[in-house]
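> Sequence:
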Amino acid sequence: MIRKNRILFLTGLILITFFAFQGCKKNEDSGPTQAEKDHDTILQYVKDNNIDGQFTEKGVFYKIIEPGNDKHPVYSSVTTVSYKAYRLDGTVVDKAGFFTEKLFNLIEGWKQGLPLIGEGGKIKLIVPSHLAYNKGILAFDITLHYFSK
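Numbering-wise (the working numbering), the sequence shown opens with residue 8 and increments by one.
Honestly, the hints are just simulated from the structure, not real lab data. The structure displayed is predicted, hence computed values, not measured ones. Wrong hints could be hidden among the right ones.
Quick list of in silico lysine to aspartate or glutamate cross-link-like pairs, DMTMM-like style, CA-CA up to 25 Å [claimed, not checked]:
(1) K65 with D148
(2) K129 with D148
(3) K91 with E126
Using the sequences provided together with the hints, build the complete structure.
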């Protein structure tokens with residue numbers, strides 16, 4: 008009787024383990040991720056609009072309009088910028104004449120883009136949703152007026 012219970016217990020344990028690991032299997036047919044879809048959309052947008060620029064390692068497209076001076080903000084800098092934010096269809100969703108905030112408090116797309124220009128510089132960023140607000144791709148025209156370290 009004890010041997011039979013032990014066999015049933017081990018069989019049950021093996022089955023539970025098997026089914027638990029089935030949930031960990033990657034779905035090969037899941038299709039492209041949102042980041043991949045955003046990247047493709049951004050590529051098509053810059054091609055259609057003849058915008059030359061490049062991507063950061065994390066996927067933010069940027070074009071430096073004016074490089075500014077040789078002083079660049081760092082992660083801990085307090086930055087003052089003016090900007091316009093818009094969807095790729097041209098709908099303006101936000102703009103500010105002067106906006107001051109620590110760089111590390113800004114969205115990931117800005118954390119990557121602003122250090123690429125110096126004071127007085129202008130940059131266009133096209134930020135995939137996962138590096139902005141997860142509400143879709145946003146484009147930004149930003150002027151870095153000044154910053155303090």
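> It remains to establish, for every hint, whether it holds in the given structure.
A quick look at each hint next to the structure:
no., hint, in the structure
1, K65 with D148, "holds, 19 Å"
2, K129 with D148, "holds, 7 Å"
3, K91 with E126, "holds, 18 Å"
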